[in-house]
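Protein chains in written order, with the working numbering: chain A, 1 to 450; chain B, 1001 to 1542; chain C, 2001 to 2162.
Source of the hints: derived by calculation from the structure; they are not laboratory data. Just so you know, even glycine gets a beta-carbon here, dropped at the ideal spot from N, CA and C. Please note that a few of the clues may not be correct.
As the list claims (entries may be wrong) - Which stretches of chain B does chain A cover? Using the computed rule of at least three CB atoms under 8 Å from a CB of chain A, they are:
id, region
1, 1043 to 1051
2, 1071 to 1084
3, 1183 to 1196
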Amino acid sequence: MPTYQPVLLANIHKEDSHKLAVYESGGGYRALRRVLKEKSPQDVVEMVRLSNLRGRGGAGFPTGLKWSFLPEGHPGPVYLCVNADESEPGTFVNRVLMELDPHQVIEGIILSSYATKARTAYIYLRYEYPLSLQRMQAAVDECYQAGYLGKRILGRDFSLDVYIHRGAAAYVCGEEMGLIESLEGKRAWPRIKPPFPAVEGLFRKPTVVNNVETLACVTHIADRGVEWFKSLGTPPDPHDPRDPGSFGPKLYGLSGHVNRPGCYEAPLGITCRQLIEEFGGGVWKNRQAKAVIPGGLSTGLMTEAEFDTPLDFSGPLKVGCLGLGTGCVVVLDETYPILDFLYNSCRFFAHESCGQCTPCREGTRWAVEMIERIRAGRGRLKDLELLQEIGDSIGIIPGTTICGLADGAAWPIKNAIGKFRDELEDYIKRTNPEGYIVTEPVEALAAIAD
Amino acid sequence: MAIVIIDGRELEIPARQRLNGIQAAARLGIEIPHYCWHPALSVVGSCRMCLVEIGNRDAKTGKISMLPKLVPACNTIVTDGMVLVTDSQKVRQARARVEEGLLLRHPIDCPICDKAGECCLQDYHFLHGQDERRADVRPFTSRRRDVGEKVTLFVDRCVMCSQCVRFTREISRTGELMVTGRGAHEEIDVVPGFPLDNKLSGNVVDHCPVGALCDKEFLYQQRVWYMTRHPGVCTGCATGCSIWIEENQDRIYRIRPRENPQLNRWWICNEGRYGYPHVHNRRRLIRPRRRDGGEIVYLDWTGLPNELAGRLGQAGHLAAVLSPHLTCEEAYLLGKFVRGLDAAAWLALGPVPVVGQDERFPDALTISAEKCPNRRGVEAVIAHFTGRVTTFDQLLPEIDQGGIRGVWFSGGYKTDFVDEATARRFESLDLLVVQDLFPSPLSERADYELPAAAFAERDGSYVNRADRLQSAPWAIRPPAEVRSEGSLYWELLRRDGLYDSRAVLDELTREALYFSAARGPVPEVGIDLKVNLLADASGSNV
Amino acid sequence: MSTAERLLSDDVRQAIRARFPRYATRQAVTLPALHLVNQRLGYVPPEAVAEIAELLELTPAQVQDTLSFYGFFKQDKPAGRVRVWVCRSISCAARGGEDLLEYLCKKLGIRPGETTPDGRVTLEFAECLGACDYAPAMLVGDTLHKDLTREKIDEFVASLQQ
Chain A
1 MPTYQPVLLA
11 NIHKEDSHKL
21 AVYESGGGYR
31 ALRRVLKEKS
41 PQDVVEMVRL
51 SNLRGRGGAG
61 FPTGLKWSFL
71 PEGHPGPVYL
81 CVNADESEPG
91 TFVNRVLMEL
101 DPHQVIEGII
111 LSSYATKART
121 AYIYLRYEYP
131 LSLQRMQAAV
141 DECYQAGYLG
151 KRILGRDFSL
161 DVYIHRGAAA
171 YVCGEEMGLI
181 ESLEGKRAWP
191 RIKPPFPAVE
201 GLFRKPTVVN
211 NVETLACVTH
221 IADRGVEWFK
231 SLGTPPDPHD
241 PRDPGSFGPK
251 LYGLSGHVNR
261 PGCYEAPLGI
271 TCRQLIEEFG
281 GGVWKNRQAK
291 AVIPGGLSTG
301 LMTEAEFDTP
311 LDFSGPLKVG
321 CLGLGTGCVV
331 VLDETYPILD
341 FLYNSCRFFA
351 HESCGQCTPC
361 REGTRWAVEM
371 IERIRAGRGR
381 LKDLELLQEI
391 GDSIGIIPGT
401 TICGLADGAA
411 WPIKNAIGKF
421 RDELEDYIKR
431 TNPEGYIVTE
441 PVEALAAIAD
Chain B
1001 MAIVIIDGRE
1011 LEIPARQRLN
1021 GIQAAARLGI
1031 EIPHYCWHPA
1041 LSVVGSCRMC
1051 LVEIGNRDAK
1061 TGKISMLPKL
1071 VPACNTIVTD
1081 GMVLVTDSQK
1091 VRQARARVEE
1101 GLLLRHPIDC
1111 PICDKAGECC
1121 LQDYHFLHGQ
1131 DERRADVRPF
1141 TSRRRDVGEK
1151 VTLFVDRCVM
1161 CSQCVRFTRE
1171 ISRTGELMVT
1181 GRGAHEEIDV
1191 VPGFPLDNKL
1201 SGNVVDHCPV
1211 GALCDKEFLY
1221 QQRVWYMTRH
1231 PGVCTGCATG
1241 CSIWIEENQD
1251 RIYRIRPREN
1261 PQLNRWWICN
1271 EGRYGYPHVH
1281 NRRRLIRPRR
1291 RDGGEIVYLD
1301 WTGLPNELAG
1311 RLGQAGHLAA
1321 VLSPHLTCEE
1331 AYLLGKFVRG
1341 LDAAAWLALG
1351 PVPVVGQDER
1361 FPDALTISAE
1371 KCPNRRGVEA
1381 VIAHFTGRVT
1391 TFDQLLPEID
1401 QGGIRGVWFS
1411 GGYKTDFVDE
1421 ATARRFESLD
1431 LLVVQDLFPS
1441 PLSERADYEL
1451 PAAAFAERDG
1461 SYVNRADRLQ
1471 SAPWAIRPPA
1481 EVRSEGSLYW
1491 ELLRRDGLYD
1501 SRAVLDELTR
1511 EALYFSAARG
1521 PVPEVGIDLK
1531 VNLLADASGS
1541 NV
Chain C
2001 MSTAERLLSD
2011 DVRQAIRARF
2021 PRYATRQAVT
2031 LPALHLVNQR
2041 LGYVPPEAVA
2051 EIAELLELTP
2061 AQVQDTLSFY
2071 GFFKQDKPAG
2081 RVRVWVCRSI
2091 SCAARGGEDL
2101 LEYLCKKLGI
2111 RPGETTPDGR
2121 VTLEFAECLG
2131 ACDYAPAMLV
2141 GDTLHKDLTR
2151 EKIDEFVASL
2161 QQ
């Protein structure tokens, strides 16, 4: 395949790539200048809509369509929330962008605010990214100095304030309605939809929540055009009229059992095998891969036999994974027990479940307790059926929960049991041949006399 | 007009009504189970018990297409052509799984839990749950945590519906309750030093669908299936909230709010909720007695009404003090009786207890400073007979002057209402009859001391501060030697049969314009008497 | 409460108030306020919760509710001078992160969530630091420690003694 020239990662190897002067010297903010001079907000919305840009945060929802849900003529204020809470295990590509090319993201924020008529943008930044905080704040300050932020930007009737709002280590704050509740100062119990955030979001005003990488793409669509964007990636499936395709460049994270973990850019649609072999230097220690997580822990598992699946918005779905997710691949080699993967996953989701909805709160706890019991050698084959049932019954796909955290909790269970059942059954049979379990005693909690 | 199809049945909904799936289904008698939804609170849709299938019926073709995923009925406003399915396999399975989820780590406390018999978790388990327990956890009992003066929390019984937290934030607006932690470790709690302390706090126990929040006064007192509930009216203040009086064998165990969209909506204040212990207080006067010089003679009711009528007739110029705790009917009968003996008899309003200021809870109710239920009703009766309202303070100088020789004082006061100095002013009378609940400086000077009926023992109606008349039938029988005001006055007037408050009200509505709106059956939520008063050209309200 | 009895100093209060204009409600300043207090005091004790609530015109329960959701803010005593977050999510775990966490626990003599008796170090586990390209990783204060090995952990613990 022809060598692809990175666009999102074009600047990261330059010295002081995070500084305004360096960004501008590479052509930074020329897109903003041109748009503010020549295009209306509606033009920008249309441009993004035509590009079929899809969100890079995990859901892959078409960005232009999301923006179009904002009500016409609403008195406002309209808010843009930048989802910089990147917490999906295996995912780190937003971090790379924010640390090494923050202005690319900010230009996207300004362009998107212009398009959506937002006058305040909040960057909800996870606590665990202190260098990103430093660099993004410095970049924002530089922008205020240079007149790219604040009142009457570049002399136009367009003002924008950008504030960084720091998180406190909760995965569910990366969920759009959880982010909004957290920003409002409450516990991050994702708010039920409807009403949808475009109509009643932050402070009950029209709000758009967009991922960091998505906003960086907006910058490049504005700079290089819709044609360029659509020249990259996978076109829509001709048999599916509702498929928007998978266009544009993608940052693919690669980690786990590979020789060269890192952040790599390629047009949407490279296969898992290509990512591992051509970018990642192959599986480490001369081993074979057993499975990968295709796009962050929530997406589940792909077996080695499925490695030729294109990593775009449709590919992983076809092999029973939740979707492309964040496009960050974690490689697990042949020696890595699937039970360990399953335990790590269930423990993560039980820890991060916000606790609001019954199926997720109770289901994730029950799942991790069962797996702890299985690991301790007291599993039953029946437990796999119960786990499968939990996996099939919780989530927004069946409609039983408020947010998609539950789907993310479910998919690793479904894929682990669906694709590696033999390995799990084997472990249970080996460690608990009798299949007999002692009921786990729970400490009888002493009643406190008052 | 919108047409909604629920489980195959059509429901018409008038144009401007916004109903969610639960409310729409209820109109067809279909109960969609739910824990976290309450009509007065914000919708959170978190319990997931109300999940239903929805779809659409095409207006032209009649074809029904259903959505593949379940939605919570509480957050689904029904629209024209919407199809709701509440009893499919998918829905039943989802409900069963929510029940299972809630029961996974639920303490096996039913035998010791107050809520048994009125518990959503229990009821839904029988209606919607599954037979087999599949979880591998040994049963345990709940921890208990104090959250306030009136409310205790059994922490582990909580199902995280968050109704209680939303109540304190949205209704009482005092924000004492919170959720702590995250995920499966969440608990309800208060911040140390800031307990659940507001005057509406008892309502969180009603909101709690399980036995997590419990009322300390009611705790372990009575099983709910032994209690009978009677609709009543709270007599604690001039707001007159609608209540349920719950009793077993004539002993009150609990007072709860009765839903009244026109008045107290779903709530009552703590004063009303816990305002019944005096009914069973041992200090109550329970036998009629007479003072002959220094001696106390206990009397028999046989012949006593005649004796009283005789003594009053002999006394000459009379006055009756009509307590603002009397029902309208009782006040009317007493007034008629006394004016029958002395056509120029004074009728005065009894002392009106006032404590502090009105306390307004916007969106909920107002606790009146006036701590009696029927000043307006009694005033209207007095004005009907005498053309004006005489207050207690206005009556006292008349008694001092000596023209009045006999006084009938009807009380029914829960707390002190008269001091020694005021009571002494009654000493000069030839005859003093005091009818009250508890001994007081006045009853100690009475020639005849008659036991009054407590509010739950009376029968009649009250008019609240906003001219709303509500019926309050009797809920419990008074102690054996207590004859309620209504029956005593009925007998004094030599009427046949038993005291019939409805007949008296009919009489009152015919005689006094103020009450005329109550001529027909009085609705459960009461009736606004001003309805007819607006039509009165003279502008007077009698 | 007199100024002398207040826990939050004037400049912390000032910093909290400075955030008000950024948001449509004062409640939205809850998390920034918690961070400001946490940075200053090393923890957010109950007295601070009440003072934050007063500043933000909320009830203490509302602030405490939010605080407790995150599991991030200590309330009983200040965190150590250095707070170490060792990642235990899948990419790090797959490359030995959990063993290294255990190793560090043994070297420091504390469990995750605890602080060393001399108050130097608080050890925590993290759920995906977003440093998967450098797994196994740990965040020490504001510095990311990459590609951890037992040797590097030994070096780190040694550096704490200085």
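Hints, verified against the model:
1. 1043 to 1051: holds (count 8)
2. 1071 to 1084: Result for this restraint: holds, n = 3.
3. 1183 to 1196: Per the Cβ count (4), the hint holds.
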